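We have chain D; now place chain R onto it with these hints.
2 protein chains.
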Amino acid sequence: MKKVILTYGTFDLFHIGHLNLLRNLKSLGDYLIVGVSTDAFNAQKGKRTVISFEERIDIVQSLKCVDLTLPEHCWEQKARDITEHGVSVFGMGDDWQGHFDGLKALCEVVYLPRTAGISSSALKHCLREIALAG
Amino acid sequence: MKKVILTYGTFDLFHIGHLNLLRNLKSLGDYLIVGVSTDAFNAQKGKRTVISFEERIDIVQSLKCVDLTLPEHCWEQKARDITEHGVSVFGMGDDWQGHFDGLKALCEVVYLPRTAGISSSALKHCLREIALAG
Chain D
62 MKKVILTYGT FDLFHIGHLN LLRNLKSLGD YLIVGVSTDA FNAQKGKRTV ISFEERIDIV
122 QSLKCVDLTL PEHCWEQKAR DITEHGVSVF GMGDDWQGHF DGLKALCEVV YLPRTAGISS
182 SALKHCLREI ALAG
Chain R
62 MKKVILTYGT FDLFHIGHLN LLRNLKSLGD YLIVGVSTDA FNAQKGKRTV ISFEERIDIV
122 QSLKCVDLTL PEHCWEQKAR DITEHGVSVF GMGDDWQGHF DGLKALCEVV YLPRTAGISS
182 SALKHCLREI ALAG
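Chains D and R, in that order, give the protein sequences.
Just so we're aligned, residue 62 is where the first sequence starts under the numbering used here, counting upward by one.
Just so we're aligned, residue 62 is where the second sequence starts under the numbering used here, counting upward by one.
Just chain D, with the same shape it has in the complex:
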């Protein structure tokens, strides 16, 4: 039986940190499902992206390590997705350490190390510095 891994994210300005995390998650099992936050859900969280939902999910779905993508509409969705898709491992970057321990009743929950020195925020900050300097 295939071992299903599930994660969520926004994946704005797709970068190597996203890719490394998704590959590391995939290595924990056979089938990787990635929930991508919709623009409406991000707005609700007060988060603004540079890239639209349609483009963000299209890029994530185009990766070799990703088997299925789905839109993430709300916080409550995670438990439902775990049950519906027979998920064995729920994984996030360790910037979320402890945040989703409530899901341990449903499946294994892991927090993986993030790639040092890169994040969408760091990238935006770096681009901001370049813009202001130029």
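Rather than coming from a laboratory, the hints here were simulated on the basis of the structure.
It cannot be assumed that every hint is accurate.
Which copy is meant is left open, because identical chains are indistinguishable; a pair holds if it fits in one copy or across any two.
What the hints assert, rightly or not - Within a straight-line C-alpha distance of at most 35 Å, the following computed DSBU-like cross-link-like pairs (lysine-lysine) qualify:
no. : residue 1 : residue 2
1   : K63       : K185
2   : K63       : K165
3   : K139      : K125
4   : K106      : K63
5   : K64       : K139
6   : K139      : K165
7   : K87       : K64
8   : K87       : K63
9   : K63       : K139
10  : K64       : K125
11  : K108      : K125
Predicted model, so just to flag it, every value in this text is computed and none were measured.
Okay, now just chain R, sitting in the frame of chain D:
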């Protein structure tokens, strides 16, 4: 016999325009080879990237539509790569229209439409506007 397609690019700040072009190129054949410009080659062209060569080529190689990546070191390399890899179609975005017609002696040369409204330059410009406004 597999039909080999070849293209080149920098793929800085990977975006939907890159992905659409690569998918369209792949649809012309069976095996897509992508040359990714090294940092040294970009420097020679006076082009500065936000993302390093190692990360840019890693992201391109991770795409389902890409079969092989190779570093692009110089302009002269294209003819050699076409011969070495048995390339049937050399393809680029139509911002390069006519530039590589000299390669028609070696294989078919096509220029495909780019996705409207997005490019690494446009993205940097947009981020610059956000930075300056913020």
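Hint check:
In this assembly of identical chains, K63 and K185 lie within 35 Å of each other by CA distance neither inside one copy nor across copies; the values are 38 Å within and 41 Å between. For a Cα distance limit of 35 Å, the shortest separation of K63 from K165 inside one copy, 20 Å, qualifies, whereas the shortest one across copies, 48 Å, does not. For the identical chains of this complex, K139 and K125 are neighbours both inside a copy (23 Å) and across copies (27 Å), given an alpha-carbon limit of 35 Å. Taking the closest pair of Cα atoms, K106 and K63 come within 35 Å of each other only inside a single copy of the chain (33 Å); across copies the shortest separation is 48 Å, beyond that limit.
Only within a single protomer do K64 and K139 lie at most 35 Å apart by alpha-carbon distance; the minimum there is 17 Å, versus 43 Å between protomers. Taking the shortest alpha-carbon separations for K139 and K165, only the intra-copy value of 12 Å comes in at or below 35 Å, while the best inter-copy value is 53 Å. Within a single copy, K87 and K64 get their C-alpha atoms as close as 10 Å, and across copies as close as 30 Å, so both meet the 35 Å cut-off. When the C-alpha separation of K87 and K63 is checked against a cutoff of 35 Å, the pair qualifies both within a copy, at 12 Å, and between copies, at 29 Å.
Proximity of K63 and K139 under a CA criterion of 35 Å is satisfied intra-copy only: 20 Å inside one chain copy versus 43 Å between copies. When the C-alpha separation of K64 and K125 is checked against a cutoff of 35 Å, the pair qualifies both within a copy, at 17 Å, and between copies, at 21 Å. Proximity of K108 and K125 under a CA criterion of 35 Å is satisfied in both settings, with 28 Å inside one chain copy and 29 Å between copies.
Taken one by one, the earlier hints fail for this structure only at number 1.
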